[in-house]
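Peer 1: These protein sequence lines are chains W and C, in that order.
1663 is the number that our numbering gives the last residue of the first sequence; the numbers go up by one with no jumps.
306 is the number that our numbering gives the last residue of the second sequence; the numbers go up by one with no jumps.
What the hints contain is simulated information worked out from the structure, not anything from laboratory work.
C-beta atoms are modelled at their ideal positions from N, C-alpha and C, and glycine is treated no differently.
Partial list, computed: chain C residues near chain W (C-beta under 7 Å):
id, residue
1, L90
2, G93
3, P103
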Amino acid sequence: MKGGRRQRAIGQAVVALMTVLMSMVVADAAAVVDVYRMIQYDLKGNPMGSRRAALNHHTVSGFDVQGADLSRAVVILPALKVNISSLDEFVQNKGLLGGLLLLLPQRSDETGGAEGDDSDEKVAKALAELEQWLVHNTFQYPVYFAYEDENLLKLLHEVAASDAAGRPASATNGGYKLVVSAPEAKKLTTPTITNIQGWLPGLRAEGDSLMLPTIAIVASYDTFGAAPALASGSDSNGSGVAMLLELARLFSRLYANPNTRGRYNLLFGLTSGSPYNYNGTSNWLRNFDQRLRESMEYALCLNSLGSSSDRMLLHVSKPPENAFIQQIFSEIESVAKDSDLTVELKHKKINISNSRVAWEHEQFSRQRITAVTLSHLEEPPELLQRTGGIADIRRSVNETVVLRNIKVVAESLARHIYGQQGKQVELFAAGSNLALNPSYVRSWLNLLGRTSRVAPFLGKNAPIINALHKELSQHTKDASLQHETLDSTFLFYDSTKAQLNVYQVASVTFDFIVALAVGSYLMLLFIVLFISTKGVKDFVGIFRKAPSRKYKST
Amino acid sequence: MTFFHFFNCAALTFGPHAIYYKATPLSEYDTLGTCIKAAIVYLVTTLVKLICQATFLQVSEHDDFDLGQELLKGLIGFLDVGGLYYALTQVSHRSISQDHKFQAVGLGWAFADALLHRLAPLWVGAKGLEFTWEHLLQGLESNANLVLTVSLAALGSLMWLRKNKPSALVPVIYTTAGVVAAMPSITNYLRKGLAWEFSNVVSFELLASLVMSFITWRLFCACQRPAQ
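Please put together the full structure from these sequences, using the hints given.
Peer 2: Structure below.
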């Protein structure tokens, strides 16, 4: 009796232990890859982007594979080989997919060459087109980006081979399985956009109670792209930020000495929220006090000035015949002539009823402050276009061009401040102690080119924000941060990076076959051992039924 | 579906031991106690072996085959023989015949070996999604190991428990015992020194175990006759 109870207790303990042990799972994948999820956001309540994060399906190498169940498969496509129109058709027909993995070409941190590389341009163009299409569509399945490396290319090759042989990966066929175990994405409740400003006061004459006029130099530093972890726009607007920082450095040297301090205040602004109709800029302007607003002479907005180009455009919203606009334009043009740079004036009227703000200077104009935007871009970007996404890589920015543009802007600004319009003076000559610093510009371009800066995902204390703040506080008297909440037209969801596990799984039929083989082996073993040790008679005796009790009683 | 694979491999690895116990007269004579005692002796022997290995062997960074180190490992492996000797002769068993004693000791020994060496890798590896042949091959290896261990126990019982043996066969018995005891070193050499594939090593082990068990069986029968 006692033995029986003890045995049962031990049995129960063993079962409990087994259940606990069985719930521990150890991952043991063929390859583990870093993947970056596509952005998930709501625009005015409409769900956009990729709405799922977790992934657990077999892989397929294309959309027209025989016998593949696409709704339970992950399609792997190299991003450059995507046929956008056929993909668009698939999406418009509400086609269901298990998941989509896009492979991006290997990134390199090299700086842009002096001559634009033709293939680089084609790649950038194709990626930009793909990104634009992706960002404006909704996908009910996870979409991930990964950089091509040898593991993934080998995987794609093998998957394509087995697909071509008519054996797509599935539960019955075995094959490769992609697993991303990420929790479902949650809304970002209070997305913060942070503006950074620096104030360089001008020289006030004795007894001068009026406020000096102010010139603002503004550049937006945040980005938006199809994959928020990869949106580190170098041209839009890393080039603008680098220019602003170099200008701040140069003018802080000039203003350090009261003998060379100009009679203008300089306000440097690094704004955020630019892809969302320059939300941050409008908040920043609304917080200006009345005196500052009245003292503003004009604002210079810098946007995308890094790609190789011989033209710089001055975008304005005031009519170009305006005398002040003409003055600014001629100042810049006269300096630009010496550097073989053509400057053009482009006018775009503001439509107050339209909430779309294409250029940063329009926010200033809405507050009745004269402003212009300097850019290589010719057309005003559409919503979420040219916002520094995946396609905007470091290689697309040409350092020499950026330095040339800095020189042009700095010289024309100096001529305006010191009243040297029309005179041929060169303040920031090479070799002087006011010379431009190429390594300074290069290091900022490099840093910005590898830091993703999608504002809602940065939070208040992102390292890049602190770095920019620290830099501005070194060059200006008064550097401060201003935190605002992004307006509710845009709602974002988290979960931007994950790890992809690639497993090579055997098919279910294989497991069954093995079970059958092992079972028959064990049975054979039993029979052989039984017969050899106890004899055939005993063996046969197992199968004969025991004599029925009925006969015994009679 | 990977629990399925785990069960397959576990059945292949541990099933034969259970079947050996059930199918042969071992179960009728209730030799479970002997098996458990043999398993405990195996545990102690393995502990001693590990301590010796930790003390005397050097850890090498590469997977090369260093003859000196391997000889030392083989020497330490002979501790196994000492353990079996202890299990066969010194541990008190209930009155069971010679035949069954060595089988029970060999079974307990092999089962403990399979449990210690193969359960953990099986648990961690076979449950994952990733598929490799390794675990099935390990199962086959444990089968070969069972046969070898029982042969070694048989030879051991011949050497130490049987008093009257035909003198011509004595050197044969000792050589066979030596070969069987050295099997782990031989497999190690094949895997590392000659860099054979795991599947080839396992098939060699299976073949060798069959051959060794056949030789042992003949020797055992040959020694049976005089003990009338």
